[in-house]
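*Asks:* Taken in order, these protein sequences are the chains called A and B. Position 273 (the first sequence) corresponds to 273 in our numbering; numbering is contiguous. Position 16 (the second sequence) corresponds to 16 in our numbering; numbering is contiguous.
Simulated from the structure, these hints should not be mistaken for lab results. Mixed in with the good hints, there may be bad ones.
To be verified - Lysine to aspartate or glutamate pairs mimicking EDC-like chemistry, simulated, CA-CA at most 16 angstroms apart:
(1) B:Lys106 / A:Asp99
(2) B:Lys106 / A:Glu98
(3) A:Lys193 / A:Glu119
(4) A:Lys193 / A:Glu213
(5) B:Lys106 / B:Asp126
(6) A:Lys193 / A:Asp238
Stated by the list, open to error - If you anchor each label on the Cβ, the simulated ranges turn out as follows:
(7) B:Asp71 / A:Arg72: 24 to 34 angstroms
(8) A:Arg369 / B:Ala103: 33 to 43 angstroms
(9) A:Thr320 / B:Ala140: 27 to 37 angstroms
(10) B:Ala87 / A:Asp401: 51 to 61 angstroms
(11) B:Val129 / A:Glu161: 35 to 45 angstroms
(12) A:Ser208 / B:Thr131: 50 to 60 angstroms
(13) B:Ala117 / A:Ala379: 40 to 50 angstroms
(14) B:Ser122 / A:Glu161: 55 to 65 angstroms
(15) A:Arg400 / B:Ala117: 27 to 37 angstroms
(16) A:Arg360 / B:Ala138: 35 to 45 angstroms
(17) B:Thr123 / A:Arg42: 39 to 49 angstroms
(18) A:His143 / B:Gly127: 46 to 56 angstroms
(19) A:His143 / B:Gly89: 16 to 26 angstroms
As the structure is a prediction and not an experimental result, all values here were calculated from the model. Note that CB positions come from ideal geometry on N, CA and C, so glycine has one too.
Spelled out from the first residue to the last, the chains are:
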Amino acid sequence: MLLTTLLLALQAPLVVTPGGVYPTIAAAVAAAPDGGTVRVTRGVWREPTIRLERPIRLLGEPGAVLDGEGARELVVILAPDVTVEGLTFRNTGNSYHEDRAALHADEVVGCVIVRNRFEDTFFAIYLSRTTSCIVRENVVIGHPTTESATGNAVHSWGSRELRIEGNRLEGHRDGVYLEFTRHATVIDNHSTKNLRYGLHFMYSDSSSYTGNEFRGNGSGVAVMYSHDVQMVNNRFLDNRGATAYGLLLKEIADVHLTGNEFGNNTTGLLADGAERVQVRDNRFTRNGWAIRLLASTSDGVFANNTFSGNSFDVAVNSRTVGAEFAGNFWDSYRGWDLDHDGTGDVPHHPVRLFGTLVERAPAALTLQRSLFVRALDAAERVLPVLTPRQVVDNAPRMTRDAGRMP
Amino acid sequence: MTRRTLVGGLCWAMLAVAGCAPSVPEMLWDTDACDYCRMTVSDRRFGAAAITSGGRTVHFDSIECLAAWVDAQPEPPRGLWLSDANAPGPLHPLAELRFHRTAAGKSPMGKGFVAVASSAGSTMWDGPVMTWDEVRAAVATEGMTEHVDH
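Chain B on its own, in the form it takes in the complex (with noise of 0.2 angstroms):
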């Protein structure tokens, strides 16, 4: 074996590797468009992103708006991205997280979804734990176009 095609080999061989595992989707702040409700993903507390069934990164203003999102697609996505509330920026895998429903943190959509690393201790967001599928439920239920009166 020549060392051209070793070479050769070893890029396909990323290529392979970087092309199956998704890696974190980036989040271009105050440019990209929520893929749900169009606003410009700019409050870092809240962005989350997925990578579709065909491979397609698509971002999220908000919690509410990637569990729209998710329970409109035919197929589940590859995987699900969030901001944590208590770090804002960095995006981390759904399993790294819980979630809590807040009334002092107001999310973009309104309906005060927050997500923070499962490890956190208690934290400043309030409201009683929740799980990723029941913040689904909670979505499903009240629809997004719904006006909530706080």
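The following block holds chain A by itself, in its conformation from the complex (with noise of 0.2 angstroms):
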């Protein structure tokens, strides 16, 4: 009975209160057992950095506010199996000197974020060399101005098995960074108006991102110097601007892109040394160029995707791309199917005439509507010089909904 009462004393949450027997976090947190949690009540809470060195669950009530008064980093987690939830971080000022983060991690295993909310904060969750971690419905909302620099929204340095579930992160440099991290699975986040990227792969390989929405972002995502990256079932949108796109992808290979939908971007798909990247039943709709395949890209396959509303489905910078279209749906499809076997009876060739000389001489593209440029383009559909004869459909698929391919 005795023990009882003891594990229960020693299991029940310690409250943080004003006046009560823990008035800050910080002698909540020192009092608290390994695996005890510690209860943050409503109220701004301003303390030094709070360092979290056992296994414990932190705990905010709804209103339990953290400020960090424009100076320092709101709670550091230094022990495996630690749990960060529900509480608002406010207002850790900036920092050109380190990676000033509201929520740091560092070197621990199993940690836990989940539900908190982030306002101006430099970064709000940076994860450093961290395994099994996971992030998880957390809303994380920065107002940069353009002469201010901001961090990441979600910033993970050499980190392991990371999971990043669910949030909602505005206002960033990138909504998610991922640094010389493996194994990381991003689902179901909303990253909108950040003013790099949406999401951000550096020297990050065996990774995936699936179902989650990248809209109005400097640019949507950024896959560079990684490999076997799987994209599935994401939406990228509303990348406007000159040097704006939904998906770089920069010196990567094996990479497998599926079910995504790119829309209103003024590129959809940039590749630039990409090579073994496999594109399939995705949707480009009403882009300015679709997809963008630069010369350094080799063995790609395009298959099954639809086409529609863009003002150029495909544009090559060279003559010589290693890229294979097979099945296609194509809006600007001219031909027929006579045998009505769903599949053209010609092959379509993607690539513009237009499309190559813009490629080289941008301001080219003022004359877009112009009779001239109609007249260009059937004459070299009629009796092609310029265009690359490689980058070609033989299997256009006559209608617009994407089934499997055969």
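Join the two chains into one complex using the hints; note that each chain is given alone, in its own frame.
*Replies:* Laid out in structure tokens, this is it:
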């Protein structure tokens, strides 16, 4: 009986209230046993950076706010199996010398960061060499001005087995930045209005991102210097501007793009130095350029995608591009299907002559809607001279609805 | 000489001067893309720019990209400018800067090179002082595509 009471007492949360047994979060954290819970009550808490050096659960009641007063990090996780839940982190201030984050996890295993809110933080969540951490259902809102720099909403440096799920990430440099990270899974996040990218891979292999929406960022996603990345069912939307794109693939290999939507981007997909890229079952709708392939791309496969309402479906900067096209729907296809097998009877060449000219002289774009350009494109279709002949879909799909390839 | 000729002559003279001396290149942060790695140039501590031998302005997200680009040029560029990591934003001529390789500041390409004003005292950027040639040599040796495990 006594033992049970004692255990219950140990397991009962340590409640942080003004004037209570634990008037500061630091006091409660210092007193908490391993595996214990510290509950922070409603109010604005201003304390020196809180260091979690034992496995505990730090839980915020609704309205519990940690305020960094523009001067410091708020919580640092230094022990395994720490959970931080339900808190609002606010106002870390900026720093050019340190990667200052509201919540920093350093060389730990099994941290869980869930249902927190971050407002006006430089970096919000910074994971440095963590293993098996989870970042779920957090809301991160920044208000960067163009003059002042900002960090990333979720930043991972050298972490492994990371899961980032269901977060809303706004107004930072990158929504999610994975650097030297392996086995990351990024699922169902909304990453919007970030200055640079919604999601950014740098030297990060063997990872995947699925079901995310990237809308109105500087550019949508950049996958750079990485291998073996799966990109499934994401939406790349509204990335407008001379240099903006939905997705950049740069110096990458062995990646799969499946079931994604590229809509209303200046460029949907830009590939430069991409090897063995499989692009299947994606929709490219109302983009300036649906796909731009630079000469350094090789062994690409583009199958069963749907292209509609794009000014240019495919543009290349060279006559030698290593990409195969098969079974795609092209709304610009002018062929026919006499045997009604659902596949066009004549091949489709998705690269327009005018697109090739614009790659060489971007200013020519002003002529886009002119009669002259239409005549050029028509002449090139009949008697191809400048457009690459190997960029051809020999079996263009006749219907828009993307069924599976037979 | 009429007044009109004088004004015209002055205009030409100004154009000639402006055209010859390379002025500090403009950087559109969060918009310009790195001419080496294509990353959007955003982190103001590490940005850099160059004017090519042909007179074109090119931009870089990091010092390592600038170094790798310089090494790939057949002709030496007309000038190089970099951000001072202690006062990020404005670009300064190469001659006014010194370099460090730091663990604390993680540069966009992960190699950790920073530039600070030569005249600055000791700063928070750790690591021994490096010359520009030493930075270039390090980047050339390590390459840009290799994964650096930190």
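*Asks:* Hint by hint, say whether it matches the structure.
*Replies:* Hint by hint, here is what the structure shows:
| no. | hint | verdict |
| --- | --- | --- |
| 1 | B:Lys106 / A:Asp99 | 8 angstroms, holds |
| 2 | B:Lys106 / A:Glu98 | 9 angstroms, holds |
| 3 | A:Lys193 / A:Glu119 | 15 angstroms, holds |
| 4 | A:Lys193 / A:Glu213 | 11 angstroms, holds |
| 5 | B:Lys106 / B:Asp126 | 12 angstroms, holds |
| 6 | A:Lys193 / A:Asp238 | 10 angstroms, holds |
| 7 | B:Asp71 / A:Arg72: 24 to 34 angstroms | 41 angstroms, violated |
| 8 | A:Arg369 / B:Ala103: 33 to 43 angstroms | 54 angstroms, violated |
| 9 | A:Thr320 / B:Ala140: 27 to 37 angstroms | 29 angstroms, holds |
| 10 | B:Ala87 / A:Asp401: 51 to 61 angstroms | 56 angstroms, holds |
| 11 | B:Val129 / A:Glu161: 35 to 45 angstroms | 39 angstroms, holds |
| 12 | A:Ser208 / B:Thr131: 50 to 60 angstroms | 43 angstroms, violated |
| 13 | B:Ala117 / A:Ala379: 40 to 50 angstroms | 58 angstroms, violated |
| 14 | B:Ser122 / A:Glu161: 55 to 65 angstroms | 40 angstroms, violated |
| 15 | A:Arg400 / B:Ala117: 27 to 37 angstroms | 59 angstroms, violated |
| 16 | A:Arg360 / B:Ala138: 35 to 45 angstroms | 36 angstroms, holds |
| 17 | B:Thr123 / A:Arg42: 39 to 49 angstroms | 42 angstroms, holds |
| 18 | A:His143 / B:Gly127: 46 to 56 angstroms | 34 angstroms, violated |
| 19 | A:His143 / B:Gly89: 16 to 26 angstroms | 19 angstroms, holds |
When each numbered hint is compared with the structure, violations occur for hints 7, 8, 12, 13, 14, 15 and 18.
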